Every structure is written in structure tokens, then in C-alpha cells.
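Protein chains in written order, with the working numbering: chain A, 38 to 618; chain B, -15 to 187.
Treat the hints as calculated values from the structure; they're not laboratory data. Zero decoy hints are in this set.
Negatives, chain A to chain B, calculated, CB over 12 Å:
(1) Ala73
(2) Glu78
(3) Thr115
(4) Asp164
(5) Val275
(6) Val284
(7) Val289
(8) Ile362
(9) Ala548
(10) Gly549
Simulated pairs of lysine-lysine, DSS-like, Cα-Cα distance not exceeding 30 Å:
(11) B:Lys152 to A:Lys539
(12) A:Lys239 to A:Lys598
(13) A:Lys421 to B:Lys(-1)
(14) A:Lys287 to A:Lys299
(15) A:Lys539 to B:Lys179
(16) B:Lys13 to A:Lys421
None of these values were measured; they are calculated from a predicted model. Yeah, the Cβ is synthetic: ideal placement off N, Cα and C, and Gly gets one too.
Residues per chain, in single letters:
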Amino acid sequence: MAESPVVGTQLNLLDHFPEWLKKDERPGFEGYIVPAEHLLEFAHALRDRFGYDLLSSVTGVDYLPEGKMEVVYHALQTTGGPVLNFKVQVDRQNPVVPSVVSIWPGADFQEREAWDLLGIRFEGHPDLRRILMWEGFAGHPLRKDWKEPYFEEEAKPYKSRWPEGHVQRAEDRHPLHDNVDYPAGFDPDSWSPETADDVLYKTYQSIMEGSDSELHTDRMIVNLGPQHPSTHGVFRMVVVLDGETVVDVKPVFGYLHRNHEKIGERCTWLQIMPFTDRLDYISSMSNNFGYALAVERLMGIKPPERAEYIRVMMAELTRIVSHLISIGFLLNDLGAYFTPSLYALEERELILDIFEAVSGSRMMCNYFRFGGVARDLPEGVLDKVKELVFERLPRKIDEFDRYLTRNEIVRVRTEGVGVLTAEQAIALSATGPILRASGVPYDIRRADPYSIYDRFDFDVVVRYHGDVYDRYLVRLEEIRQSIRILQQVVRDIPEGPVQTGKPQWQVRVPAGESYGRVEGPKGELGYYIVSNGKPNPWRYHVRAPSFVNLTSLAQMARGGKVADIVVILGSIDIVLGEVDR
Amino acid sequence: MNGLGIVRGLWVTFKHFILTYIEDIRTGKRRYYSPEGILARTKGDVQGAFTIQYPEEKYPVPEEFRYIPFLVYEEGENGQKNYRCTSCGICAKVCPPQCIWIVRTNDLNTGKPIPAPAEFYIDVDICMNCGLCAEYCPFDAIKMDHDYEIASYNRFTDHIFNKERLGKPLSYYAQIRPQNFAREEAARKAEMEAKAARKAATA
Ligand code: SF4
Ligand code: SF4
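One chain only, chain B, in its complex shape (with noise of 0.2 Å):
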């Protein structure tokens, strides 16, 4: 008991303050507010202080990242949105606490189901992120969204996000999920081959 140990102690702490400035001076102006300065900032022998000052620098989100599903649609050649989708309703039902809601398209004329959805609905304040819709989705047609800036003023009128605003476009998911995006295009067109292939040989 002779303080030996609180000094040793706070030499350590003393080693954490000098070191941050040493950093500092170190990396120079790179270290803050450049993509760089993040990143190494993110690396496992960073040293120093390695807080990221939100919201004017970002921290660089994984591809697995995942906040809020989105629904995904290819751009047809007049502009139209052609939504994955085809409300089978797998996702409405893996969601654990059931947050999406869909309308199946019935055909005016039979009355039968169109593989289209006439409305799609996820109440955003419930959804708790798991990420289950879009792993078990059978037409890679419900994505993860890396977007997190979502907060709005009423929760009353923004919070159940419909078909239109949960739609975005197949070039914005093979962006934010490039490695996902290049094996499930590389599955469909073996898939594609191999039904082709099929019917080659029983024609």
C-alpha cells in the first residue's frame, strides 16, 4: 500500500493522452474529415483517440450493414419500375414481429392472383432490422438498406412506408451490396442456363 500501483496506473492513462496527441501530429490534417483518416481510423492498430465525429465524418458501413429493407425493381426501358416482388408472402410471414403487409393483385377478369403486389407496406417503427425478410426472400426482391438517416418529425404519418417509398432501384443495390449482388446474378444466369438447357433437351 505504498501508491505504487496508482502511479503505474496513471502512467498508463498518461501513455493514452500524449499518444493522441502524437497521432495527431503524426497523421497530420489527413487523420480528420478525410476518407482515409476514417478508415485508418477503423484499422486494428489504430492508436490514439479513434472516435469518428458523426455527422460530419462517417463511418464506412459493411456490406452485410443492415437497417431498413427495401424493395428492389429493375428500371424497364420507359423508365417504368418492374418490382421484383412477387408477393408470395414469404417475408410477411418469416417477420417476427410482423411489421409488412402486402396486397396480392388479383386479376380483374378471373379473379386470380397476379405474382405482382398492388400494395406493400412495412411499418417501420416496428420492424426490429433482423434482416429475415431479405435472407429468405425467394426473389432477392427485399434488400437490407445501408441508408440509417430516416428520422422524421411525425410518426403518425412517416413511419408506414408504402410500395413507393421502400422501392429503389437494382443499380442502388448492386452498389451497396456489390459481393451479394455478383453471386446472386451469377446464380440466376446458371439457373437460366441450366432451364434453358432443360428445355433444349425436351424439345
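Isolated chain A, as found in the complex (with noise of 0.2 Å):
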């Protein structure tokens, strides 16, 4: 039996608030229950007074037998540690939770999420806007009463599947086509997006007046997208300029929204992994690696060791290829037509074929299983990865760096472009190559350790200037610290099993709280997860990278020219699939 979880008990917070702080004392849970009244002097002290500068994650789940909502947020230290998790319990009727932003801003958009799909409000929040559904949606879709069109049952297996499953397309299934509930009053004939547009564009209300600039230019508004912003995907940024200066810029997205974490609800523990390849699609093996990692910490149980080797393995890769795609793409961005990001696309084919090798998918692997890996890999995987880190990667990303490090038109587009500082990156929930490259040597790898990354030698990586090429330079160092990494997993991979007991279809996964979270090629990729010891997780929340680090895109690209606002959401690397969730 591995040990259980520790979080957040080598300081006992108890004894600095007695009167209100309460342990969470429900069997399976860990951290902190905090009165709503007290939230944010606790919130205060965390920050100021015991170091936890980065608010990680900040999400709710509906208690809905309890008739409670609960607020969960997971804060860190950046000098190193197991996160710490704190709770707000309010009434599911009237669910007011006062706002974290003004302590940590990186609260901003995780808030919002939960406003929008649970319904909770956020009193102080400063713009409290729905952010995955659209303005004017009824409902709030992540609460348990709430129920998606062709909703069939509460949980999966569905039993019209077997033993009499006539088979019935969902179509076919609603006479109606589907069974969407509109507002009271709303007519989806007359509504057209611009009443969502005016409650954003109302937000920029106070900065619209007042140019100051010599040349007596208007403010005005303007979208880029969405389609464009360099196509990582549909994505839409509404930039006010003030002649070609960003003023202030907002993101909207949600455009590829499925509400990941309501099917995955729905879903049984087993049946989720393969929709996580579908989060981050770049990066499916990481992705797996996280859920895997929330789910055992509950089970208790742990993997043999070559499956944790090849774990490791799976994840640099998976680095290797995510960035590889994000500096090349970046070139993309900067006008560099194609030719960078396919050669960086020719070196990630050849990972890719392994993936396929040993997964049989190249990009939604779906290879993690709870307590191991789905297969060993198989014959003549391991000498073509050996092939890989020890001739061919090395001798090419040495390649990259002559081609694009020292070539002017790269420094002076990308040095001192979106820059973020040290302060603001924690601030901002920045995590990943961003926090990374703004000087605060934040891995979890190193802070944190999960698997069996303590075993290996490699380099945090960290630059001070927190702009755009600074971002390049860490993903590019990294990659070469992957394959440090890979070479160490080559050389001691030992034989054996790689999957602890049998392979079973229906875990039994005992009532509690778990946080599971890796250093994804993105940043810290987070899995909440909720159980009640029944064949699905109660709650499944997803913390996801480039949806959190996108809340320091207006900090960037803020006071630069609008030429480069494209340049700086590049070196965010986001992926839709995981923002949109």
C-alpha cells in the first residue's frame, strides 16, 4: 500500500487560526475548510505570510445530496513542495464565494469557469462574464441536475447497450434532434452574438476615452478572429489599440467546448482515459499520465517499475514532440513561412512513430492504465528510441539552434516582446516554460517529484528576461533536457512487468479527494478528482495549462503594437482542445 496522500501537513495552519479553521475531516479528504467570511484574510496570509505565492488551481464541485457547493483551490510555494488545499462550503442555493482575484489575479479565468459552469458567483470578481459557454446560456452545465442533450442516463454503462441493444443513432433518438432548453423568453431566430459581444465590449467602457498620445488617435476596437490568431485554432482576441498600441486585449474562447469534465463524470474511471488524449492532443501521453497519477494516489497503488520507466519515457517524448511543435509554429507566427514548423514536424514524425508502435495511435495514445502501462512495448521500440536520443535528436536540435537562435529578424521580433516578470508570472498562475522563462525555476519535476524523476540527472531550466525569445530559448533547452532524460530511461530500463495485478475493466476506487499533477510540456497539468466509491468519479476537474496561462496574455501583450500580439499568444503554446476543455 503506498502512503496516502500528504498535503499541506508539515505546517499546522490549526494553531495560526483556531477560532475558525477546520481540518477537512471527511474520510478521504485532505486540506482546509475555510468560512466563506474568512476567505480572503486566509487567502492573505497564505501569500504573505507562509509563502504560497502561486494559486494554482481554483475549482467547485456541486454536492448536490448535501445541498452544498464547495469551492476547492490548490495553492503552491514556488520554492518547492506538495500543494495546499483549501475549501469554501457555501449554501447550493445562493452560492457566494468572495473572490481571490485581488490576491492572486491568476484566480481570473479559473473563476469565471466555475461561475459559468457551476454557477457559483465570485463577489469582487471584476468581470464575472460567462468564458467557455456564450453570454445567454441558460443553466449552469457542470451542476449534477443539469443534463446535456441526448441525455440517456445519470452513468455509464448505459443499460441500452446490453443485452437488448437495438441499436439507435442519438439522432434518431430525439424527434427534436436534441433536447437544448432555451432562456424563458429567448428566441434563437432574433438573437444574434452581438448582445454578447456588447456585455464585453461594456467592459472596456472606462478605457475607450482618453488617448494620449500626440497624434489625437481614436481607441477603437478590434477582433482578431475568431479564426486567425495564427490558427492554433478557433480562437478570437477582442484588442483595444490606441493607434497600433495595445491598450488592453480580453480572449474569448470556448469555441471548441464539449464540457470535458461533464462526460468524463459520466464516465467510468476506466472509460476517461482516452478522452484526456483529447485535451491537450499534442501531448496525449502527458495527459494520461496526470489522470493516471490522481486516480492511483486514491487507489493506492503504485506501478511496477519498468512501467514507470516507461512512463518517463512516454512523457519526455511527448515533450520533446510539444515543443518542437511550439517553436516551430512560433516561426509560423513570425511570418517564417512553414519551413521551420516542418522541420520541426519532420523530427516529430519519427517520435510519433514510436508512439504508434507502442500505443497504436499517434497522437490519442491512450496508453496509461491505472497501476502501469497498457502493453510492453513492443520488439525493436527501444532501439529505435535509443536511435533517436542518442544520434538523431541531439544532432538536430543542435541544428534548430544554428538555424534560429542567432538570426537577427527572430531577436528583434521576439527580445523584449510580451514580457513578464518574475512577480507577475506568479501572480498570474503563470506555470511551465512562461513562469520558467520570466526567472523563477519552478518544475514540478524538481518541486514536487512524482514517478521517478528523482532518479534522473537534469537541468531546471530558467531565463531572467520573460520575453518572447526567452520562451523559445527554455523549450529549446529542454528539449535537450529531455533527452538527457531518455538517455538515463535507455540505459536503465529494467525488465519486468508493467502492470500491477490484473488488467481490469472496473476499478474500485475508494471515496475520497485527489490532486494529481505532472510538469506537462505546457505547465502543471492538474487533475481533480472527486470519488464517492461508486464506478464513476463524482467530480473530474481538469486544470489545464494553456487555458490558465492564457490569463497572462493581456499582461504581455499590453503596451506593445498589435504586430506582435500574434507572436505572444504563439509563445504561450496553447492548445484548444485543453483550453476549450
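Got two chains here, each in a separate frame; can you build the complex from them with the hints?
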């Protein structure tokens, strides 16, 4: 039996707030329960007295049977160590919680998400609008009593599939094709998207007047997208411009939203695994990893040695793939039409060949299982990995370096552009290469090691200017570090089983909560799950790094030129499958 | 800022450009449209352009490659298809998007279930190619196919595969997944022998 999670125990906060702070004593739960009226005081103390400077995740849970809504926070110290988990519980009828945006500005988008999907109101939030659903959407879809179109049953497997599985298409099942609810008085035929946009444009009212330039330029709102922003997906930026200078920008997304978390809550534990592939579809192995860790922690199992090595191997290959794409397409955003990105894709193809041989699919790998991996490495794969990490990739990365790093055009376009200082990055909850490029050497593989990362030699890459160029350099160097880890993995990988116990299609997950996080290629990828002992999770939440990193887009872009904004977006490296979920 | 960085970068592109021709000249005709040429372009030491000219050329898929599932049947003496499936329903229960539909056979006289599916459907529009059905089927009765060219003109009539459409012979399975097949056959044999031994011991 693995040791149960120890979160926040090294510091007994109860001594500091004896009057109102309580331990969360539900079996399987950890952390603290804070009364809503003391939340801000507690948050202040955490940040300023106890060093929890980065608020990693904010989400809500609907405890329908108890009539409660709970907001769950995970905060961390950028000096390292485990996350601290604390919660606020409020009445489900009128869920109002003070917003912590004034303390941790990085809570901005995540609080909006909790408002959008769960209907928890955050008092004092500067801009509490919906974020994934459209303005005017009825209801809050992650609430337990909300039912999606084509709703069949609360949980899979559905009874209609077996033993009397007379096939039926979803479209045919509902004569009206779906069961979408519209708000009272809403007429879909007369609705136009302007109404939603008005809400957004209104938030700019205060900055629209008062141009201070000598040229007496007018301030205007320009919509970039929804489509182009160099086609990282369907994404839109609403920019306020003063001449060519960006005054403010708000990203609008959710066009790919499919309520991943609701799908997850309908699924069994195992069934979620292939859905995680579709989050950041560039790095599905890494997505599998985080989810497997979260569930394994609750189950109290650990994979065998060989499986641990295979996992690390896949995760690091994934990091290389993701960073290659990020670098290649950053150059696209800079206007270097496709040559660099295709060079990056060449190397990626060879790594995808490995994924395909191992997992059966190039991108939707679905390879991790609770307590191991789906199957052992097929013959010849290890040799192929060896060839890549000892021969080809180091050479190719050096070539990339020669090709781009000192290119003068790249440098003028990226140096000093989109600057984020260390303080800003921490405050805005940036993680991954963004945080490290701003001078904060925070990498979960070192700060709070999981799996077997404590065994490998590698450096946490860090740069200090916090601009687009440094983000590029951090990614390039991280590829080298990943290669270094991979070389140790292929040297040390032992023989043996790749799965603890028998493979099972129905796993028993004891009641409780768990937060599993990995250093994904794009930042902290966390899974918050709550089990009530049933075959399906009660709550399944993804703390998606691309989504949270977007919080700092406005900070990076303000004061810069409109032409740079696409480059800045490219340097954040988002994948909309993960942003929109 | 003297432009040297740009020149150096261009030198890299130029080398790539030249290398493509050198490789083509060096390997000659064999490089394209031949099995060994395709194989050479999937190796880790490949140089030059290594795109595959689909559909004239096809990339050889690895054994574990998965697409849509198929149902394995063994061919009987008179050519009848003996599906391995016992309609236990595990695949239908494990399938994440719930696209497997199974009707169990009931004995006409007793009404008791018979271990064979009366009907078996997969809605391939919904199948997410995850492979969980094949992974957890206890009878090796459903496997993932390698055939990825299944586009059709009418999604309303062609995309729900029935038992006929899903069925493929065991020999096909042995051909596309030889190593898995060998492993499973060995396990089957071992189990049969163990069973026989147990029987002999109790008798
Ligand atoms: S799991 Fe296998 S035997 Fe059971 S119903 Fe599915 S295909 Fe048939
Ligand atoms: S491959 Fe996955 S989605 Fe497709 S039928 Fe099998 S279990 Fe269902």
C-alpha cells in the first residue's frame, strides 16, 4: 500500500487560525475548510506569511445531496513542496464566495469558469462573465442536476446497449434532434451574437476614452479572429488599440467546448482515459500520466518499475514533440512561412512512429492504465528510441539552434516583446516554460517529484527576461534536458511486468479526493477528482495549463504593438482542445 | 546585428534542399514506390524529404495500430462463421462513447441466454478508436483492425456496422497481428492443457 497523500501537513495552519479554520475531516479528504467570511484573510496570510505565492487551481464541486457548493483551491510555494488544498463551502441555493483575484490575479479565468459551469458567484471579481459557454446560455452545465442534449442516464454503461442493444442513432432518439433548453423569452431566430458582444465591449468602456498620444488617435476595438490568430485553433482576441499600441486585450474562447468534465463524470474511471487524450492532443501521453497519477493516489497503488520507466520515457518524448511544435509554429506566427515548422514536424513524425508502435495511435495514445501501462514495448521500439535520443535528436536540436537562435529577424521580433516579470508570472498563476522564462525555476519534476523523476539528472531550465525570445530558449533547452533524461531511461530500464495486478475494466476507487499533477509540456497539468466509491467519479476537473496561462496574455500584450500579439500568443503555446475542454 | 545569423540559418535550409537531391540521386529509383524505399524512409537515420506519397504509397502500420474494431470468427468445416463472441457484454460496457450495441440470443424453448450474439452493432461514427473493447474482451473475440480506408458516401446508411460487416476470419487476425496472435494461441493452449490435467486429476 502506498503512503496516503500528505498535503499541507508540514505546516499546521490550525494553530494560526484556531477560531475558525477547520481540517477537512471527511474520510479520504485532506486540507482545510475556510469559512467564506474569512477567505480573504486566510488567502492573504497564505500568500504573505506562509509563502504560498502561486494559486494553482480553483474549481468547484456540486454536492447536490448535501445541498452544498464547494470551492476548492490549490496553492503552492514556488520554492517547492506539495500543494496546499483548502475549501470554502456555501449553500447551494445561493452560492456566493469572495473572489481572490485581488490576492492572486491568476484566479481570474478559473473563477469565471466556476461561475460559468457551476454558477458559483465570486463577489468582487472584476469581470465575472461566462468564459466557455456563450453569454445567454441557460443554466450551469456542471451542476449535477443539469442534463445535456441527448441525455440518457446519469452514468455509463448505459442499460440500452446490452443485452437488448437494438441500435439507435442519437439523432433518431430525439424527434427534435436535441433537448437544448433556451432561457425564458429567448428566441433563437432573432438572437444575434451582438448581444453577447455588447456585454464584452461594455467592459472596455472606462478605457475607451482618454487617448494620450500626441497624434490624437481614437481608441478602437479590433477583433482578431475567431479563426485566424495564426490558427492555433478557433480563438478570438478582442483588442483595444490606440493607434498601433495595444491598450488591452481579452481573449474569447470556448468554441471547442464540449464539457469534457461532464463527459468524464458520466464515464467510468477507465473510460475517461481515452478522453484525456483529446485535451492537449499534441501531448496525449502526458495527459494520460496526470490522470493515472490522480486515480492511483486514491486507489493506493503504484505501477511496477518497468512501467515507471516507460511512463517517463513517453512523457519526455511527448515534451519534445510539444516543444518542437511550439517552436516551429512560433516561427510561423513570426511570418517564417512553414519551413521551420515542417522541420520540427519531421522530427515529430519519428517520435509519433514510436507512439504508434507502442500504443496503436499516433496522437490519441490512450496508453496509461491505473497501476501501469496498457502493454509492454513491442520488439524494436527501444532500439528506435535509442537511435533517436543518442544520435538523431541531439544533432537535429543543434541544427535548430544554429538555424534560428541567432537569426537577427527572430531576435528583433522577439527580444523584449511580451515581457512578463517573475512577480507577474507568479501572481498570474503562469506555469511551465512561461514561468521559467520569467526567472522562476519551478518545475514540478523537481519541486514535488512524482513517479521516478527523483532518479534522473537534469537541469531545470530558467531564463530571466520573461520575453518571447526567452520562452523560445527555455523550450529549446528543455528539449535537450528531456533527451538527457531519455538517455538515462533507456540505459536503466529494467525488465519486468508493466502492470500491477490483473488488468481490470472496472476499478474500485475508494471515496475521497485526489489532486494529481504533472509537469506537462505546457505547464502544470492537474486533475482534481472526487470519488464517492461508485464506478464513476463524482467530480472530475482538469486544471489545464494552456487555459490558465492565457490569463497572462493581457499583461504580456499591453503596451506592445498589435503586430506582436499573435507572436505573444504563439509563445504561450496553447492548444485549444485543452483551453476549451 | 550584421545579418550573419540569417546567413547561417539560410545555410541550414540550403543544406536541407541539396540533401533532398543527393539522397534521391544516391538511392535512385528504389527510393520511391517500392516497399524497401518506403521502409527506408521510416528509419531513424533518414535524410532528405521523407514524406510518403499517399495513396500511391502506403505507410506500413505497426502491429499495434488500431482503427475500427472487428469481430473474429473461426471458419467451420462447411464454411460457416463461428463467431468467438459470447455476447458477455463487457466490450459494450467498457466502451467510452457507448457505441457498441449487442442483442443477446435467447434459447427459443427455455428463454435462457445462449453465449452468442443475435445482433452486434458498432456505430463507427461514434467509435473513438480507443481499443478498450479489444483490450478487455475475455474471449479474444473483438480486435482492432488495420484497415483505415472506410470512407463512404452516406453516413445515414453505411456507418452502423452490423455483425456481417464487422466479421473477419481468424486468419486475417493472425496476419495483421502475428505476435499478439501467437501469444494468445499459446495462452489458450496452455489453458486447455491445464484444464485437461485438472479433469484427469479429478477423474
Ligand atoms: S467482450 Fe468479447 S465476448 Fe464479450 S460481448 Fe464483447 S466481443 Fe463478445
Ligand atoms: S474502439 Fe473504443 S470506442 Fe470503438 S468500439 Fe471499441 S471501445 Fe468503443
